[in-house]
Amino acid sequence: MKRQFAKASVLFLFVFAVVGLCLHNVSCVKATDDALSKIGEAGNNLQQAFEAVLDAEKAGANVSRLTDVLNEAGRLLMEAEIAYRSGNLSEAASKANASFLTGETVKGEALDLKGSALKEGQKVLWLNSVFSLAGGITLIVGLVFVWSYFKRVYSKRLLDLKPEVVSSAEA
Amino acid sequence: MLKLSDYRLVFASIGFVGILLFASPTLSLVLHLPAGEMFSELWVLGPGHMAEEYPFNVRAGENYSIYVGVGNHLGSVAYYAVYVKFRNQTEPLPDAFNGTPSVLSPLFEYRIFLGNNMDWEEEISFSFENLSFEGNLSKVSRLIINGYALDVDKIALWDGENRGFYFQVFFELWLYNTTISSFQFHNRFVDVWLNVTRNV
Chain U
1 MKRQFAKASV
11 LFLFVFAVVG
21 LCLHNVSCVK
31 ATDDALSKIG
41 EAGNNLQQAF
51 EAVLDAEKAG
61 ANVSRLTDVL
71 NEAGRLLMEA
81 EIAYRSGNLS
91 EAASKANASF
101 LTGETVKGEA
111 LDLKGSALKE
121 GQKVLWLNSV
131 FSLAGGITLI
141 VGLVFVWSYF
151 KRVYSKRLLD
161 LKPEVVSSAE
171 A
Chain Z
1 MLKLSDYRLV
11 FASIGFVGIL
21 LFASPTLSLV
31 LHLPAGEMFS
41 ELWVLGPGHM
51 AEEYPFNVRA
61 GENYSIYVGV
71 GNHLGSVAYY
81 AVYVKFRNQT
91 EPLPDAFNGT
101 PSVLSPLFEY
111 RIFLGNNMDW
121 EEEISFSFEN
131 LSFEGNLSKV
141 SRLIINGYAL
151 DVDKIALWDG
161 ENRGFYFQVF
171 FELWLYNTTI
181 SSFQFHNRFV
191 DVWLNVTRNV
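Chains U and Z, in that order, give the protein sequences.
Using our numbering, the first residue of the first sequence is number 1, and each one after it goes up by one.
Using our numbering, the first residue of the second sequence is number 1, and each one after it goes up by one.
If you are wondering where the hints come from, they were derived from the structure by calculation, not from laboratory data.
Being a predicted model, the structure only gives us computed values, none of them experimental.
Quick reminder that beta carbons are idealized off the backbone N, C-alpha and C, glycines included.
Don't take every hint at face value.
Below, a list of computed lysine-lysine pairs in the DSS-like style, where the Cα atoms sit at most 27 angstroms apart [unchecked claim]:
| # | chain 1 | residue 1 | chain 2 | residue 2 |
| --- | --- | --- | --- | --- |
| 1 | Z | Lys3 | U | Lys156 |
| 2 | U | Lys123 | U | Lys107 |
| 3 | U | Lys119 | U | Lys107 |
| 4 | Z | Lys3 | U | Lys151 |
| 5 | Z | Lys139 | Z | Lys154 |
| 6 | U | Lys123 | U | Lys58 |
Where chain Z lies over chain U, by a calculated footprint (3+ residues, C-beta under 8 angstroms) [to be verified]:
| # | stretch |
| --- | --- |
| 7 | 50 to 59 |
| 8 | 73 to 86 |
| 9 | 108 to 114 |
| 10 | 118 to 128 |
| 11 | 138 to 150 |
Coverage of chain Z stretches by chain U, computed from C-beta distances (three or more under 8 angstroms per stretch; other residues unrestricted) [said to hold, decoys possible]:
| # | stretch |
| --- | --- |
| 12 | 84 to 90 |
| 13 | 175 to 187 |
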């Protein structure tokens, strides 16, 4: 009886250890996958954030502050990768997550900046067009008036000129 | 006295120049003149921020520093990656002729976002751990860059001609290409030769 109990205990301990080991391995693999996928997501998000900043700049926005924030996100991602390589998975996941969130903030701000830059650009284009058109029309109308006045004065002066008679004897 | 047709030409010229002047603010928004030459810079400087006194004879346990910099003159904000790589004399460098990077994996990488005409410079401090020498072989097991310990496990053979065990730290510049949504080697790299010596 005692022998059977001992056998059962050993078997139970063995099964418990094997199951524990498997669960530990599964959780390790899960942590590795988790950190790696977070690093990948943060990297992709950083690329999208950069493209949003580039679009905002093309629309005429000043993006110097956003590039500073992007650099911070890039530094966090670099630290996440180093932590991952050195086996510090929780730090890797946390830094990658922080990088991801910073990238998200940049994306939102870049979109806002692009919108306001486009509005501002349209306003400036409209004002400049009005200035160019009004200035051009004023200039042409003014020139037409000056030209007609000038033509009259020119013709009058031409008519007022006394013809000089030169005798053939003097010549 | 000028003829009336000559005066007409003068008036027409004044009108044309005037219209161009009034239209110039609008034209500057619509027309984009070609920009100047577009390029990126990559440099490595010694510890005194000059192109001199680069670390050369290195040994275990001592700290060395250099500066790496990138300059953006591409006309817009750019996303760069600087890959720090470490090689012995037999491993490949990037091929500047074909524009291909070294196949070695980076030990360390910087991700840099730079506005047009902006520069970035970073001090890189490094030291060696677990240097070993055996006959005509020298092995570097671990390199510490900016406080991060990185396993390298590189072996250099004794170079009889130049009398040393030579390794090279080099930096590759990569540029993010929005068309393909990926980094591309920007065909620029700089390097520093290191002669690993025994502690006396």
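Hint check results:
no., hint, result
1, Z:Lys3 - U:Lys156, "holds (14 angstroms)"
2, U:Lys123 - U:Lys107, "holds (24 angstroms)"
3, U:Lys119 - U:Lys107, "holds (19 angstroms)"
4, Z:Lys3 - U:Lys151, "holds (11 angstroms)"
5, Z:Lys139 - Z:Lys154, "holds (6 angstroms)"
6, U:Lys123 - U:Lys58, "holds (16 angstroms)"
7, 50 to 59, "holds (count 6)"
8, 73 to 86, "holds (count 8)"
9, 108 to 114, "violated (count 0)"
10, 118 to 128, "holds (count 4)"
11, 138 to 150, "holds (count 6)"
12, 84 to 90, "violated (count 0)"
13, 175 to 187, "holds (count 3)"
Of the numbered hints given earlier, the model fails hints 9 and 12; all others are met.
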